[in-house]
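Trainee: Chain residues, written in single-letter form:
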Amino acid sequence: AQSVTQPDIHITVSEGASLELRCNYSYGATPYLFWYVQSPGQGLQLLLKYFSGDTLVQGIKGFEAEFKRSQSSFNLRKPSVHWSDAAEYFCAVGGQAGTALIFGKGTTLSVSS
Amino acid sequence: GAVVSQHPSRVICKSGTSVKIECRSLDFQATTMFWYRQFPKKSLMLMATSNEGSKATYEQGVEKDKFLINHASLTLSTLTVTSAHPEDSSFYICSARKERSSYEQYFGPGTRLTVT
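Heads up: the sequence lines are chains A and B, in that order.
Residue numbering for the first sequence follows the numbering used here, beginning at -18 and increasing consecutively.
Residue numbering for the second sequence follows the numbering used here, beginning at -7 and increasing consecutively.
No lab work stands behind these hints, which were simulated from the structure alone.
Be aware that a few hints might be false.
The calculated DSS-like cross-link candidates involving lysine-lysine, where the alpha carbons are at most 25 Å apart (straight line), are [unchecked claim]: (1) B:Lys33 - A:Lys30; (2) B:Lys47 - B:Lys58; (3) A:Lys86 - A:Lys42; (4) B:Lys6 - B:Lys47; (5) A:Lys86 - B:Lys34; (6) A:Lys30 - B:Lys90; (7) B:Lys34 - B:Lys58; (8) B:Lys33 - B:Lys90; (9) B:Lys33 - B:Lys58; (10) B:Lys58 - B:Lys6; (11) A:Lys30 - A:Lys86; (12) B:Lys47 - A:Lys86; (13) B:Lys56 - B:Lys12; (14) A:Lys30 - A:Lys49; (15) B:Lys6 - A:Lys30; (16) A:Lys86 - A:Lys49; (17) B:Lys6 - B:Lys90; (18) B:Lys58 - A:Lys42; (19) B:Lys34 - B:Lys12; (20) B:Lys90 - B:Lys47; (21) A:Lys42 - B:Lys34.
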């Protein structure tokens, strides 16, 4: 079955510390992977995506993610977290063109000062 | 750019009434639009896929007679919650695709529905 797992429901990091949010997927075909961020009461903003090529992808706001096929993972990283990064983060996978994305349950990021 | 808007952003309605939510692609034509529902602290649940000019495809467990979806043009899809009940209160998000072969979706800002 196709699925996305975000093992961490809630993570708290100190401002300025590094961040890694985990994402594992199960998909029968070549996956197309996405990370979205959602602030309270808002829609989703695309941080980055992976379709093919270089497995380390750069996104907006200083985020990056690395696709590891052998581990079925697409973890999101940021070297130095800012208080404004506090939000909900969703990993998503898509495969067949024209179909909807499958979302993980999300990870809530809190940033402490 | 690829901007998707939703209207209204918030709506409160009384139990038993119907409410319509609009999803518009402002600067592109969307051959496909998706409607999601998001419960508090939960992920997005796909409700239906809407292709312009054809009937929407509903996910299992979603009542098509309760959640009416119309995709009458390439820039507009509407979701009508009929005979709303408090359990329909939720955050509804739409997204749009430019082409059927595309993998990217552009999300609207969401609509907060509260049924009293």
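Trainee: Checking against the hints above, which ones are violated?
Mentor: 4, 8, 12, 15, 17, 18
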